[in-house]
Amino acid sequence: MSTVVIKSVGIDIGTSTSKFMMSELTLGRVSSHFSLPQFDIIERKVTYVSEIIATPLKNEEEIDLPSLVSWLEKEYQQVGLTLSDIKSGAVIITGETAIKKNADALIHYLAERSGDFVVAIAGASLEAVLAGKGSGAARHSQSSRAAIANIDIGGGTANVVVFQQGKVLETITFHVGGRLIEINSLGEVLRVSPSLKPWLCFKKFRVEKGMRLSLTELIEITSGLCGDLLDVLAGEKTISSLENLVHSTSCQGLPRIQEVMVSGGVGRLALEAPPATLADVAKFNDIGPLLASELMKAVKRYHFNVVEAAQTSSATVIGAGTQTTKLSGATISIQPELLPLRNIPVVKAALSEMDFEQQMEQAFLKGKEWFVGNDRLPFAIGLGGTLYLSYLMLKEIAGSIGNLYAKYFPSAEVLAVVCENDMAKALGQALRLQTKFQVICIDQIGIEHGDYIDIGAPLKDELVPVVVKTLAFS
Amino acid sequence: MKEKQIELIVQKVMEQLQAKFPTENRADPIDKGLIFTEKDWETSIPKPAFQEGVADLITSTPARIGVWRTGTRPLTKTMLKLQFDHAAAIDAVGGEVLENYLEEFALFTVETCYENKEVYLKRPDKGRVLTDAAVQTITERCHNRPQVQIVVSDGLSACAVETNLKDVYPALLDSLQLNNLTCGTPFFVKGGRVACMDHIGEILEPEVLVLLIGERPGLVSASSMSAYMCYRPRKGIVESDRNVISNIHPLGTPPVEAGAHIGTVLQKMLEQKASGVKLEL
Amino acid sequence: MKSSITLLHKTYQFRDLKEILAKANEEKSGDQLAGIAANDAQERLAARHLLADLTLSEIRNNPVLAPEEDEVSRLIEESINEKIYQSIANWTVSELRETLLSDNTTNHEISRIRRGLTSEMAAAAAKIMSNLDLIQAASKIEIITQCNYPIGHKGTLAGRAQPNHPTDSIQGIKASLYEALSYGIGDAVIGINPVIDTAESVKQILQMTRDEIDRFQIPTQNCVLAHVTTQMRAIKNGAPSDLLFQSLAGTEAGNKAFGISIDLLNEANELIQKEGTSHGPNLWYFETGQGSELSSDAHHCIDQVTLESRCYGLAKKYKPFIVNTVVGFIGPEYLFNSKQVIRAGLEDHFMGKLQGIPMGVDVCYTNHMKADQNDMENLAILLGSAGVNFLIGVPMADDCMLNYQSTSFHDIASVRSVLGLRPAPYFEKWLEKMGIIEDGRLTGRAGDPTIFM
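Chains as they are written, first to last, in this note's numbering: chain A, 391 to 864; chain B, 187 to 467; chain C, 463 to 915.
I should point out that these hints are in silico values taken from the structure, not numbers from a laboratory.
Using N, Cα and C, we set each Cβ at its ideal position, and we do this for glycine too.
Fair warning: there could be bad hints in the mix.
Here are the simulated lysine-lysine pairs, DSSO-like style, with alpha carbons at most 30 Å apart [stated by the list, open to error]:
1. K832/C - K376/B
2. K233/B - K557/A
3. K778/C - K616/C
4. K718/C - K459/B
Partial selection, computed: residues in chain B whose CB lies under 8 Å from chain C [what the hints assert, rightly or not]:
5. R250
6. I251
7. S426
Could you put together the complete structure from these sequences and hints?
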């Protein structure tokens with residue numbers, strides 16, 4: 391068989407809405423029969439997208455777990471899925487929901503009950519990237535010279551990612567969202583999100599629960615939000631001058647952006663007619679519709695070329711379902727009974743001829759300090775660098791890793807190594823011959839210090855799904 | 187040895203270049219010695235329409251693109267680089283593996299009926315048959331009916347053996363050990379073609395045979411090796427009965443990884459009692 | 463049929479036509495490997511003298527491989543127009559040569575003669591022609607075909623963009639394609655040799671090339687050179703393919719080794735007629751090359767020139783858009799050195815054109831042959847003069863996937879420039895629109911692949 395089809399799900403629990411999707415990922419052999427085997431995801435087909443539901447809340451701070459679970463069970467039933475059918479996928483908690491009280495427990499609870507290898511992910515940067523892939527911005531950028539910013543605006547945050555030629559340049563997330571101010575049809579403020587308060591204060595807007603705001607005042611606030619956001623994207627204001635609006639960012643200055651795409655719930659509202667009355671605005675008891683129409687109005691004042699999104703409100707869930715899983719190389723060294731492994735932190739060292747052992751030792755010391763709790767497998771070792779690996783070198787590296795691991799982690803049983811280059815089978819073999827550990831050694835996965843990794847059960851003899859979770863700035 | 191050859195060629199080319207195009211920064215090439223690296227061969231498009239895109243294109247393929255031109259012809263460096271790579275390939279075909287290199291791996295040498303390089307090239311059939319002396323030698327010196335027989339041959343590139351054997355071979359031995367496979371007496375065949383496996387199979391009757399052989403040199407690499415594998419090789423075996431991992435060299439399929447994988451393939455051949463297209467990998 | 467000849471008091475006796483045809487060949491290592499080549503230069507000339515005096519009817523009546531035994535023989539035999547054949551049956555091979563070279567014989571007349579010829583007759587003529595004869599005769603013949611857009615006009619030289627990549631990376635293929643287009647190459651076809659012979663992978667490459675053709679409105683056609691059965695599966699799965707590709711051999715057994723038969727080609731032909739994405743009427747791309755039958759032990763002791771000619775006889779049935787001989791890919795055991803490669807290139811081009819085939823040539827060599835890039839440049843110019851329909855364009859002539867050297871984008875541009883040849887007409891207009899060519903010359907923008915980004 392040259393291809394394998396696996397089912398992958400995406401679950402997006404957002405500040406105001408939640409979605410579920412199902413997709414089929416086709417894994418195909420991408421190397422000839424004269425080469426070492428190599429697989430890749432050659433097709434991603436979305437087969438089902440759920441209705442959008444309002445995220446069930448127990449109170450302002452807490453998600454209503456039983457309702458969420460029963461909704462999910464119903465969705466699984468609807469598409470005729472049992473948990474064992476699902477080979478990959480991701481649960482993502484987006485926007486402000488992530489800081490709700492029980493979010494962390496929830497996300498892991500869901501991940502473990504959503505299929506064999508469904509992982510939990512969070513983090514504004516990752517969210518932005520997934521939304522940009524789901525919306526079609528990444529694909530669009532492949533056939534354009536321009537750098538395109540995908541602005542995914544939901545209830546709590548606006549996640550922006552900049553792509554060029556299909557590659558991620560930067561990400562930035564703003565406290566801009568449709569649900570940050572909740573109102574009724576009379577303009578009465580029902581709630582103001584704490585994350586918006588610093589900016590309101592900075593801009594000298596007085597917005598408090600119980601106040602009544604006119605349409606004009608609401609327009610002033612929403613257009614102010616959109617203006618500041620777009621000013622940053624256009625390079626007219628610096629990121630540091632708007633600290634109170636910026637949630638997180640991968641950079642201090644953005645590259646020059648020529649095109650924008652708008653996705654997310656607010657992106658969908660932008661396709662509708664602008665609200666004419668307070669009642670229109672408060673259709674969902676928040677400022678979402680107005681934020682959408684003000685954004686579309688404001689963007690015309692900039693040099694940006696607006697590109698229509700292929701997906702709006704489902705962009706993130708589609709991205710989560712189809713884009714989080716990567717495949718390892720297909721010549722690796724694993725012990726299937728040890729898999730899946732979830733949430734393993736990573737320490738990294740670069741292959742080098744000069745000081746590999748010292749580097750490794752330092753990485754181990756850091757790992758020992760940072761990651762406590764799992765004595766059996768304290769962390770995975772990431773190996774980067776483009777050094778050509780001779781057999782002699784391979785032996786030395788295996789020896790160094792084995793000795794140091796035994797020295798610093800005497801109670802460890804499993805040794806997990808994640809290599810960038812195609813070398814895992816040879817290294818795994820050397821580790822098995824030279825150490826007493828059980829070995830999981832996979833390759834062709836780029837990984838950084840401080841990332842977390844999930845390694846799934848094998849899809850073929852020597853091929854595992856992998857999710858790398860970069861939590862760089864959250 | 188190869189490095190020396192490269193150095194010499196580079197030096198010659200540079201001398202010609204310098205004679206043709208004297209430049210200001212020609213600060214005493216004799217004293218400093220000439221070290222020509224990949225970077226020095228590079229040419230570039232002077233004013234590309236999309237500067238940021240150039241690197242994306244060039245890094246996406248090993249093909250020689252973004253090289254620019256003078257009139258309709260390539261720039262001098264681009265052309266010399268092509269000739270240089272071809273020179274390496276020519277020398278690889280003409281080269282021979284040194285005896286003492288093979289001794290490091292305890293490989294003894296036998297020959298096919300190839301006679302000389304020209305006959306070898308014109309008569310592939312002769313490289314498929316061992317000489318009578320060779321038949322006698324391996325009958326005497328090799329373990330008969332081994333589970334795994336390893337054979338090494340120069341094939342069309344002697345330097346493929348010199349470049350890769352030191353990494354492929356020990357990784358292969360490790361993979362046999364981990365797969366609990368036992369190995370016969372390995373040896374080297376001078377002037378071998380792939381199908382010499384069949385003749386050796388007739389004589390030693392191994393369960394599986396792996397032949398590590400130098401490939402026809404390309405310009406990307408003149409020292410690329412292939413590993414051919416066959417279950418019960420014998421007369422009448424056809425191409426589709428063999429499995430192969432090709433393009434093994436430092437810039438292609440990593441030699442240690444290839445070596446490590448061979449054990450897995452052989453293990454499957456033994457389990458399924460088949461090789462080639464019939465083998466499920 | 464005369465089978466012996468006395469030259470300088472020495473008598474040469476040949477068994478049959480097959481032996482005469484083989485021994486009349488210029489020296490080729492492949493014929494030597496098969497054990498059918500002339501023993502020395504004089505025997506070669508003896509065979510050639512005998513051959514020159516044989517009539518076309520003698521060649522037809524003494525088949526090298528009987529139609530009852532071989533479907534390719536059958537097909538060639540059945541395609542002869544009997545009226546025209548009767549009008550030339552008494553010509554000797556020598557007369558055929560002289561007629562083709564005569565000032566009075568036009569392209570129009572040759573197009574009549576060819577309908578009375580078998581592939582063996584075309585091969586026989588080639589064997590008694592010098593290199594310049596082959597160039598002169600071929601240069602008269604104009605074969606215009608159209609897939610999406612026509613190529614083959616006199617005064618033009620097209621190029622196949624061959625943007626291969628060692629792992630079929632879509633981005634990598636695209637990068638080389640942009641480079642090709644920026645040098646004005648790609649009018650014959652955008653054709654990729656895939657590493658991975660699966661329908662999914664073929665479909666992906668076809669889809670990418672289709673998208674690029676649409677995006678820049680390039681007047682050309684796409685093709686992925688996988689096995690025909692793989693292409694058929696891809697097309698059935700909705701892959702947008704303008705052309706079907708297949709390698710051909712000159713015998714039934716040779717084709718069997720390629721995994722094809724006339725039945726399979728007919729089935730494929732029906733599919734591409736129904737599901738192909740191009741205008742037509744010419745929907746096939748074939749590749750051939752001297753020596754392939756011997757390499758699969760399917761040569762029936764027939765020489766490699768005659769077998770090659772029979773490939774064109776087979777190809778003709780499917781009215782191909784383009785055919786090229788991959789002249790020096792097969793290795794030194796078939797064509798030992800540049801002299802043999804150059805000869806084979808000119809023979810193949812002539813024999814193809816004579817049989818009405820839109821011939822291109824992959825002017826190429828491998829690194830274990832005694833040949834280098836200079837030899838390829840020579841042959842490219844010779845073929846340009848002979849009116850070859852297209853050449854193969856590979857970045858700097860170095861195919862990083864097939865591991866051989868062909869002609870470069872620069873080379874095709876140079877042949878055009880030196881011989882005053884233009885790209886195919888619609889393609890040239892497009893190149894002008896893109897600012898790559900002006901008055902038939904490359905502009906300052908040419909050679910910059912980023913203009914397509």
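Each hint tested on the structure:
At roughly 21 Å between alpha-carbon atoms, K832/C and K376/B fall within 30 Å of each other, so this suggested pair holds. A distance of roughly 24 Å separates the Cα atoms of K233/B and K557/A; the hinted pair therefore holds under the 30 Å criterion. Between the alpha carbons of K778/C and K616/C the distance comes to roughly 21 Å, so the proposed pair stays at or under 30 Å and holds. With a C-alpha separation of about 27 Å, the suggested pair K718/C and K459/B falls inside the 30 Å cut-off, and the hint holds.
With its C-beta approaching chain C no nearer than about 4 Å, R250/B sits inside the 8 Å limit, and its interface hint holds. Among the interface hints, the one on I251/B holds; its C-beta lies about 4 Å from the nearest C-beta in chain C, closer than the 8 Å criterion. At its closest, the beta carbon of S426/B sits 10 Å from a beta carbon of chain C; the interface hint therefore is violated under the 8 Å criterion.
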